[in-house]
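> Put the two chains together into one complex; each comes in its own frame, and the hints tell you how they fit.
Protein chains in written order, with our numbering: chain R, 23 to 318; chain A, 313 to 619.
If you're looking for bench data, these hints aren't it; they were derived computationally from the structure.
Here are some of the chain A residues that sit facing chain R, going by a computed Cβ distance under 7 Å:
hint : residue
1    : M326
2    : T329
3    : I336
4    : P338
5    : H347
6    : L416
7    : V431
8    : Y433
9    : F437
10   : I438
11   : G445
12   : Y455
13   : T520
14   : L558
15   : Y585
16   : F600
Covered by chain R, per the in silico footprint, the following chain A stretches (three or more residues, Cβ under 8 Å):
hint : segment
17   : 353-363
18   : 572-580
19   : 589-598
Note that beta-carbon positions come from the ideal geometry of N, C-alpha and C, so glycine has one too.
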Amino acid sequence: MKRSRDDIIFETINTTLVTIFFILVLYPLVFVLSASISDPTLVSQGKVVLLPKGINFDGYRRVLEYPDIWLGYRNTIFYAIIGTILSLMLTLTAAYPLSRKDFIGKNIFVIFFTITMFFSGGLIPTYMVIKSLGIRNTIWAQIIPGAVSFMNIVVVRTFYQTSIPDSLQEAAAIDGCSIFRLFLTIILPLAKPIIAVMGLFYGVAQWNSYFKALIYISDRKLFPLQLILREILIINQIDMNMLMTEGELEVIHKRVEIATLLKYAVIVVSTLPVIAAYPFLQKYFVKGIMVGAIKG
Amino acid sequence: MKSAVERKKTLRKMLSTYQLYLFILPTVVYYLIFHYAPLYGIQLAFKDFVAVDGIWGSPWVGFKHFKLFFSSHYFWELIRNTLGISVYALIAGFPIPIIFALMLNEVSTRRYKKLVQTVAYAPHFISTVVMVGMLYIFLHPNYGIVNSIVKFLGHQAIDFLNRPEYFKHLYVWSGIWQNTGWNSVIYFAVLSNIDAEQHEAAIIDGATRLQRIWYINIPVLLPTAVIMLILSAGGIMSVGFEKVYLMQTSLNLSSSEVISTYVYKVGLQGARYSFTTAIGLFESVINFILLVIVNVIARRLSTTSLW
Numbered sequence: 023m024k025r026s027r028d029d030i031i032f033e034t035i036n037t038t039l040v041t042i043f044f045i046l047v048l049y050p051l052v053f054v055l056s057a058s059i060s061d062p063t064l065v066s067q068g069k070v071v072l073l074p075k076g077i078n079f080d081g082y083r084r085v086l087e088y089p090d091i092w093l094g095y096r097n098t099i100f101y102a103i104i105g106t107i108l109s110l111m112l113t114l115t116a117a118y119p120l121s122r123k124d125f126i127g128k129n130i131f132v133i134f135f136t137i138t139m140f141f142s143g144g145l146i147p148t149y150m151v152i153k154s155l156g157i158r159n160t161i162w163a164q165i166i167p168g169a170v171s172f173m174n175i176v177v178v179r180t181f182y183q184t185s186i187p188d189s190l191q192e193a194a195a196i197d198g199c200s201i202f203r204l205f206l207t208i209i210l211p212l213a214k215p216i217i218a219v220m221g222l223f224y225g226v227a228q229w230n231s232y233f234k235a236l237i238y239i240s241d242r243k244l245f246p247l248q249l250i251l252r253e254i255l256i257i258n259q260i261d262m263n264m265l266m267t268e269g270e271l272e273v274i275h276k277r278v279e280i281a282t283l284l285k286y287a288v289i290v291v292s293t294l295p296v297i298a299a300y301p302f303l304q305k306y307f308v309k310g311i312m313v314g315a316i317k318g
Numbered sequence: 313m314k315s316a317v318e319r320k321k322t323l324r325k326m327l328s329t330y331q332l333y334l335f336i337l338p339t340v341v342y343y344l345i346f347h348y349a350p351l352y353g354i355q356l357a358f359k360d361f362v363a364v365d366g367i368w369g370s371p372w373v374g375f376k377h378f379k380l381f382f383s384s385h386y387f388w389e390l391i392r393n394t395l396g397i398s399v400y401a402l403i404a405g406f407p408i409p410i411i412f413a414l415m416l417n418e419v420s421t422r423r424y425k426k427l428v429q430t431v432a433y434a435p436h437f438i439s440t441v442v443m444v445g446m447l448y449i450f451l452h453p454n455y456g457i458v459n460s461i462v463k464f465l466g467h468q469a470i471d472f473l474n475r476p477e478y479f480k481h482l483y484v485w486s487g488i489w490q491n492t493g494w495n496s497v498i499y500f501a502v503l504s505n506i507d508a509e510q511h512e513a514a515i516i517d518g519a520t521r522l523q524r525i526w527y528i529n530i531p532v533l534l535p536t537a538v539i540m541l542i543l544s545a546g547g548i549m550s551v552g553f554e555k556v557y558l559m560q561t562s563l564n565l566s567s568s569e570v571i572s573t574y575v576y577k578v579g580l581q582g583a584r585y586s587f588t589t590a591i592g593l594f595e596s597v598i599n600f601i602l603l604v605i606v607n608v609i610a611r612r613l614s615t616t617s618l619w
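Chain A extracted, bound-state conformation (with noise of 0.2 Å):
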């Protein structure tokens, strides 16, 4: 127990500098109304929302959302379109950031170099309307860019979006190819910063390029990377919901309803707050666990992770 003498040295302390609770106040304030007000909210999962009595007067109802959408028919699609969207994102989005800074960091021309990376991480300040605009352009049947290619060649056009089993690759690399130059930058980073006497020493011993690359420089990217997968996996269960529902066709639906979409369009247009926000909630504790449980492979398996 601390003494009164010391409480009150802490309490002198804090009056000194009271200034600087005035600086974060209105922050505080902001996160109490827009981030703590809707975990208020949450219980809404647990009740049947009532207008007039507000959420503190509805009555409980138990697990009976959870049930209700757990029984339900597109329970499983949603998932399996969920999982299989943000997985295949993450094994095709993880990796091509770090192959792209080390092979870049490998070109020798220093002007070269700033070039590619001056256009890499452009497409990553255009909006996701224009990204998903820009998809409806290029790929429609008759006036698109990539069906003249398709014709030349000889085939029908096709229809990609809203053809249900294109939806995930038409995401996932438009995804690649808007993001992987800005999602490299961190690498990049740390690469510039190794040590040029590593490298030096290792060309002495007689080391090729790819010994170089594979001995120094992906060691180097380890840590970083793991922090990296261990944030992403945090966020299986959340496919964005503006690209999806931007891309969304209502021929492509079989494959491109993902939890959050659906939480949408039944929760706001179809005014289900109760059921939805059930689901909501539900995404976020698997996201948690999944956080949680990949934090823990991490630490295990090396010796970075978040906490």
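Same shape as in the complex, but just chain R (with noise of 0.2 Å):
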């Protein structure tokens, strides 16, 4: 038959691309991976192409060992979780009474909200805020700007206009039930899946942001992870003492090689979080952003 044949071809043409591009996608990956745990003379060599040479661990020793990274570390786990919270409490709140066909003044509302993502004061007035209300170089400069986004309101109350039954709402409106207690109770409890997609968009937009701390906060004590990174990675700021022993300081080769097998373990260090809630990440995100999409 003809047409079976030339599916067969398109079949055949078509996933060998669609592998191609997994390859290009993966590759990078795997390679970081590789070298953190290769001998940095064999990788800056050019000799680990794919899977490790060398197997050790001293990449991770050293991170270990490096005190910053810790500091940026409990820094960001702190910063997130807080404002993961807050987000989480703007946002699932003011979705509620949108969802409401009884709420009064919806569109005003709506309006007001759909402005600020077309207007915005631009960097200079909202520092001038951020700095006028006495929060520039706290911690909370890295927790509430931005902890809002129109979006995820508008894909909360999709979710709630759409996966909690009206009816349920009614009988408990007849019982007397409050507005508080009905919220608490009844739609809490059935928003989970929706908590769970935002609760982890909030949370990696906060543990990947550095362009606020690098804005607003100078003290260093209150560095997130982002900023520590920024040094080792982009501006190769390294401090070799807390690295290396006195043996290795003397020659300058050692240090490049340590300086970029700490790059490598880093990256991993500090993007493992985030690749360990990946699978969760995946399955929610997906899920979250087509709610948005399609329905909303």
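In structure tokens form, the structure reads like this:
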């Protein structure tokens, strides 16, 4: 049959192209992982191509001994937890009234929020607000700006509307249940999937953000992990004395190798939490996007 | 005009659901402080900011800062770099996720499809700092793997990040590496919603795979694609600060300085608040105009538009 032969050709070409794409995406990730546990000399000579060679965990040991990384790590965990809780509270509560038909003035609120998506004050006016509130160079500068996004409010609202039956809410209202109790005892428990999605959205964003800290935070003790990473990976500002013994310090070539090894290891260590959460992320993130995109 | 009775009824309804207003109040306050208060600061663009007088008390200077910006020698360089990067990113970055979704959709082995998807989404979760850090490591002239290949092929090592002519390509293609999978999610979702009967009917009519993609799958994706295009066009003047700033080196500035990085350096680091507020305002006005124009075009050409 002619058609099936065409199909086989099509399928072969298509699968080949998809596989090439697959390899292109995967390769850098595998390489970083391999290089982080390889002998740095072999890596810098270009001898590590795919699989690790001269396996050792020296890079990770040096990461463990680098105090700034742990400072950043601790701060970021703190920011991510507090920031996510704050973001969730604001997003989940604001979305609820917008999901109800009996909420008078809904459109006014929607317009109020939408305007900010098209008009923003820009960097300098925002900076001046943060400064005049007195939260510059405090933990709040990392947590509060960007705590809510209207897009996420819309997604949550759509979830409330489509996934929680009206009849349930009406029945509760007839039973004399206050809106607060209704929200806490019926809405929130039913909204668990979307809470997970939003929590992960906000959590990852907070974990990966460096811009807020760059402009608002100058106290090193408050630096999030990403700012420390910036010093190590981008500015190449690595405190060699923390990394090496006296004998090693004298060999310049060795210094570069160890710095590079540290970079590979620190990439893995800093991305690990997100990667560990990834199986959940994938399942929920995709769902979250679809709720917002298709129904919203 | 509403009658008094009706108004009373509305008021009573609002009172009976007053708790709903308490729900939305914290977020409204948040928006007033962190989104609306900065809007108030935009007036700085037309003033000379004097710290002791505050925003309100500083003297008006009209369009002074705008004129200064438009007539400065770096104006065209900033515009050229900003537009160059974002238009390139749009032209290359917009169709690839669509093509990827269409192709992956045709893969018949379910488990392989899932595997490719899982891997393709992963880079999206890598932070900008790590992403750019990887570029620095891979492209290092002496130790990077890319230059190992370049040297293996018998060429001289290239210091990619310090050469202005490579900046745009590195920026755009690393972005494509990072986000193609993630950006294809939405198209993939639309494709999986297509009624299987449509394809079955087409098969009976003797349509080939390519014909089915062309006549069924692509038209289904079109409305979503148009919306995505409009939204990205609205951001054409604002190249993301975060990645560009990290990729800047003193040697590639001639092609990597964009409006947002310039505002950061001159405005915050150089404390020229009024001048850079004016530049920021210019940027958002152009963005908004572009959004409106593209939306109008989209409404004329297809039935899909934002409003």
